[in-house]
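The chain contents come next:
Number of protein chains: 2
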Amino acid sequence: MTRILIIGGGGMVGQKLAHRLSETGLQGPGERQVTLLDLGFPDAGAPAAERVTGRLSERTDWIARQRFDLIFHLAAIVSGESETNFDLGWDVNMMSNWQLLSALRAEHAASGGTYIPRLIFTSSIAVFGAPYPDRIGDEFLSSPQTSYGAQKACTELMVQDFSRKGFIDGMSLRLPTICVRPGKANLAASSFFSGIIREPLNGKDAILPVPDSVRHWHASPRAAARFLTHAATLDTARLQGRRALNLPGVSCTVADQIEALRRAAGQAAVDRIKPQPDAAIMKIVEGWPRDFDPARAIALGFEAERDFDEIIATYIADDLPSARQ
Amino acid sequence: MTRILIIGGGGMVGQKLAHRLSETGLQGPGERQVTLLDLGFPDAGAPAAERVTGRLSERTDWIARQRFDLIFHLAAIVSGESETNFDLGWDVNMMSNWQLLSALRAEHAASGGTYIPRLIFTSSIAVFGAPYPDRIGDEFLSSPQTSYGAQKACTELMVQDFSRKGFIDGMSLRLPTICVRPGKANLAASSFFSGIIREPLNGKDAILPVPDSVRHWHASPRAAARFLTHAATLDTARLQGRRALNLPGVSCTVADQIEALRRAAGQAAVDRIKPQPDAAIMKIVEGWPRDFDPARAIALGFEAERDFDEIIATYIADDLPSARQ
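Here the protein sequences come in this chain order: A and B. Counting in the working numbering, the first sequence runs from 65 upward without gaps. Counting in the working numbering, the second sequence runs from 65 upward without gaps.
Derived by calculation from the structure, the hints in this document are not laboratory data. Don't be surprised by glycine CBs; every beta carbon is placed ideally from N, CA and C. Just so you know, not all the hints are guaranteed correct.
Stated by the list, open to error - FRET-style restraints, in silico, Cβ to Cβ: (1) A:Ala319 with B:Arg119: 42 to 50 Å; (2) A:Leu384 with B:Leu152: 48 to 56 Å; (3) A:Asn266 with B:Met159: 45 to 53 Å; (4) A:Ala377 with B:Glu367: 29 to 37 Å; (5) A:Gly201 with B:Gly365: 25 to 33 Å; (6) B:Asn266 with A:Lys229: 50 to 58 Å; (7) B:Leu384 with A:Gly177: 43 to 51 Å; (8) B:Ala319 with A:Lys229: 54 to 62 Å; (9) A:Arg131 with B:Leu384: 51 to 59 Å.
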């Protein structure tokens, strides 16, 4: 029996992951018990999962005492909000993570050193800061230009050091921008990348706050859930001490996205996109990476989509029917 | 009048810096008042400097209220001790720094945004982790393999983010291993690099815990003080948001060091070096960088020694006479 906790399990990727675990497990069939921790949950949520409502910072000792075999940590204050609320961002995205790691370490000690949970931390490509090479390689420096990126990078360093010491067996996945997100827009500065596809496919208008020449790095929610389960069963010795990983994705411009939308849903859908430049969002987005050469992750078996058409097809297959209900 | 604080001002580099400030100021003459904060001070200390005895974590609010124009932060638990005392290392080398930055930010807010101190944080090449390219460039990733390195890297991220937000005007200097250190051996795993030169020059035996093929990256205490004063008056806009900097140094093997000692002091001095392999020290040291291409720092005007002979000459000129008193 594998006991699994998803911190941030009420969120979009957390729910995708819970569904995936209930359907295919980690590596095929096998007994597992999934617990979700979050501030709230969607009404029609993932099946066969225990739900715990609460704040991570108030639950770290409880989490440690439960001795989960596997912990996915997806909870965070998103990039836009971390930029406007400095205290909240550092408190949740760094200090709470320190507290979680400290609690797991205390439980490791209490167990006589036998309890060493696998921890998969969702980091972000926001750990990088401009200027960039054309493609960011696996040895490129992390010099974030947002608070969110700095907080993610700090947590990566902690996950690596606690793992090196043998208190946990952790790794950090630098997720591409997840696109197309179902549901509503959120406070992430990247929210529009999903909005310009999702809203037109649902017969609604979408705002485009940046020029269509903006290039960025994407993977679908389905790919994100697959990254997470793949990481959960990876032999971490293969990481050779470098426990933060750039993941594969699709590099394309907003214009490429729009052309893929045209192929999938026609000109009427494209006409739903309304350019409305937003300097604050542009300032954040222009500091973001555009393309990667994620050789290590590919060698370790991580897989994303081949192009943005496939990302749109994934949204239509996984999420559009329920959006129309 | 420039009001200057040196946190860790009782330590070796802190004292060198205080001496340099009293002799040459920052950029030539100019009124300045220097305060040193440390747990203790040497008997024959730097002149014309106020001494404050205390722990950083208990003094952060006091520091902020003083509104120093310039703060050098040199205090840390050294690498060897951070590795054996996990709690102490993270507490002092990360949490206290967070507390200092938070206090400075609160004072910035209390001043209506006018108080923006220059903060020069001494980081370390320990932020890097093997495997390395032959020469580490300015865009190489920070993936530390010691707790000390992880703590320094976390603080760098905080210094950069607080600076980006305009709360402070900070930068982090990744000092080479400082060599030849005067005085006694300390708990740093790198202590022997100085010991094998210093002890023979003072007529004492020295232990060499690693093979003489070990290559490493060095600068003298005088160069360290010069790096710090140079950073204090640098136009930080030139850093373009990347506020952690690899500094110049001398790359040489222990065998090169020993040959330089032979040239400076003869075979009798070399005979004082006693090989005594230490697996724990070797394990730490073999994860350290060996050579750099610090193009950015050189372009910004930072200067180190040309070779290890010059480093030994600096020790003899600056520190050997007092050692013989």
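Evaluation of the provided hints:
The given range of 42 to 50 Å is broken by Ala319 of chain A and Arg119 of chain B, whose C-beta atoms sit roughly 57 Å from each other. About 54 Å separates the C-beta atoms of Leu384 of chain A and Leu152 of chain B, a value consistent with the hinted range of 48 to 56 Å. Remark: the range hint 45 to 53 Å for Asn266 of chain A to Met159 of chain B is upheld by a beta-carbon distance near 47 Å. Look at Ala377 of chain A against Glu367 of chain B: about 58 Å separates their beta carbons, and that is not inside 29 to 37 Å.
In this structure the hint that Gly201 of chain A and Gly365 of chain B lie 25 to 33 Å apart at CB holds, the actual value being about 29 Å. For the pair Asn266 of chain B and Lys229 of chain A, the beta carbons lie near 37 Å from each other, so the given range of 50 to 58 Å is not met. Leu384 of chain B and Gly177 of chain A have their C-beta atoms about 48 Å apart, which keeps the hinted 43 to 51 Å range intact. Checked against the given bound of 54 to 62 Å, the beta carbons of Ala319 of chain B and Lys229 of chain A, roughly 33 Å apart, lie outside it.
Separated by about 58 Å at the C-beta atoms, Arg131 of chain A and Leu384 of chain B satisfy the suggested range of 51 to 59 Å.
Comparing the model with each earlier hint shows violations of hints 1, 4, 6 and 8; every other hint is respected.
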